[in-house]
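Undergrad: Turn these sequences into a full structure, and let the hints steer you where they fit.
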Amino acid sequence: AQSVTQPDIHITVSEGASLELRCNYSYGATPYLFWYVQSPGQGLQLLLKYFSGDTLVQGIKGFEAEFKRSQSSFNLRKPSVHWSDAAEYFCAVANGGATNKLIFGTGTLLAVQP
Amino acid sequence: NAGVTQTPKFQVLKTGQSMTLQCAQDMNHEYMSWYRQDPGMGLRLIHYSVGAGITDQGEVPNGYNVSRSTTEDFPLRLLSAAPSQTSVYFCASGRTRSTDTQYFGPGTRLTVL
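Here the protein sequences line up with chains A and B, keeping their order. If you count the first sequence from 1, position 17 lands on 22 in the numbering used here, and the numbers rise without skipping. If you count the second sequence from 1, position 26 lands on 31 in the numbering used here, and the numbers rise without skipping.
A hint or two may mislead.
Per label pair, the in silico range of CB-to-CB distance [said to hold, decoys possible]: (1) S23/A / S85/B: 43 to 51 Å; (2) Q7/A / G68/B: 18 to 26 Å; (3) G67/A / P66/B: 35 to 43 Å; (4) G68/B / A6/A: 21 to 29 Å.
Subject to a maximum C-alpha distance of 25 Å in a straight line, what follows is the list of computed SDA-like cross-link-like pairs (lysine to any residue) [as the list claims (entries may be wrong)]: (5) K14/B / A87/B; (6) K19/B / T113/A; (7) K14/B / Q47/A; (8) K66/A / A7/B; (9) K14/B / L114/A; (10) K66/A / D105/B; (11) K66/A / G46/A; (12) K66/A / K19/B; (13) K14/B / A91/A; (14) K14/B / S23/A; (15) K66/A / S23/A; (16) K14/B / L51/A; (17) K14/B / G48/A; (18) K66/A / T106/B; (19) K19/B / G46/A.
FYI, nobody ran anything at the bench for these hints, they're computed from the structure. Glycine included, each C-beta is placed from N, C-alpha and C at the ideal position.
TA: Rendered as structure tokens:
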């Protein structure tokens, strides 16, 4: 069965520092991968997605992610974190390639120190 | 476009009560889904629909019922609420089932006492 693992439950970074959030997936074929962000009390906003092609994907708000098939990973990065980036981040994979049936990781809660 | 809308935003029920969570989208999307979000568990798929009149079960369908009579609406029914159904519920919609973004609504926070 497909699955998504986000090993870090909670991460704290200083404002201006770089950020990397880890995501590992389990899927036999080429996965469709997503990163969503959820601010407190809000819905989910898509940051970026990977379907095929260039393995380095650019998203909104200065985020990027790199698909590494050999490591079954899709880590999210940002070179310089802003206080407004404090939120919960979810990695997801399309179940059987169906984007209407997403399998989510358990999320990583990001705190930003001034 | 309003996107995906959900009502109510908050709801408190007593065990055994029934209610319907409403979801509507104005983007003419064929695909709609319901997820529940619980602490430490991420989001899990409850039911989904691939078009009017067509629904199917997701990962955690027990205790929930859905129907899809129009393209725009996809209500989620709790027939007899249980405390285990205390959660935040999100509706999502998308144009296709592949290579397309799913757009999420703002969520409904449900508490069952």
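Undergrad: It remains to establish, for every hint, whether it holds in the given structure.
TA: Going down the list of hints, with the structure as the test:
no.	hint	verdict
1	S23/A / S85/B: 43 to 51 Å	50 Å, holds
2	Q7/A / G68/B: 18 to 26 Å	24 Å, holds
3	G67/A / P66/B: 35 to 43 Å	38 Å, holds
4	G68/B / A6/A: 21 to 29 Å	22 Å, holds
5	K14/B / A87/B	19 Å, holds
6	K19/B / T113/A	32 Å, violated
7	K14/B / Q47/A	11 Å, holds
8	K66/A / A7/B	22 Å, holds
9	K14/B / L114/A	23 Å, holds
10	K66/A / D105/B	20 Å, holds
11	K66/A / G46/A	19 Å, holds
12	K66/A / K19/B	41 Å, violated
13	K14/B / A91/A	23 Å, holds
14	K14/B / S23/A	35 Å, violated
15	K66/A / S23/A	14 Å, holds
16	K14/B / L51/A	21 Å, holds
17	K14/B / G48/A	11 Å, holds
18	K66/A / T106/B	17 Å, holds
19	K19/B / G46/A	23 Å, holds
Hints 6, 12 and 14 from the list above are not met by this structure, while the remaining hints are.
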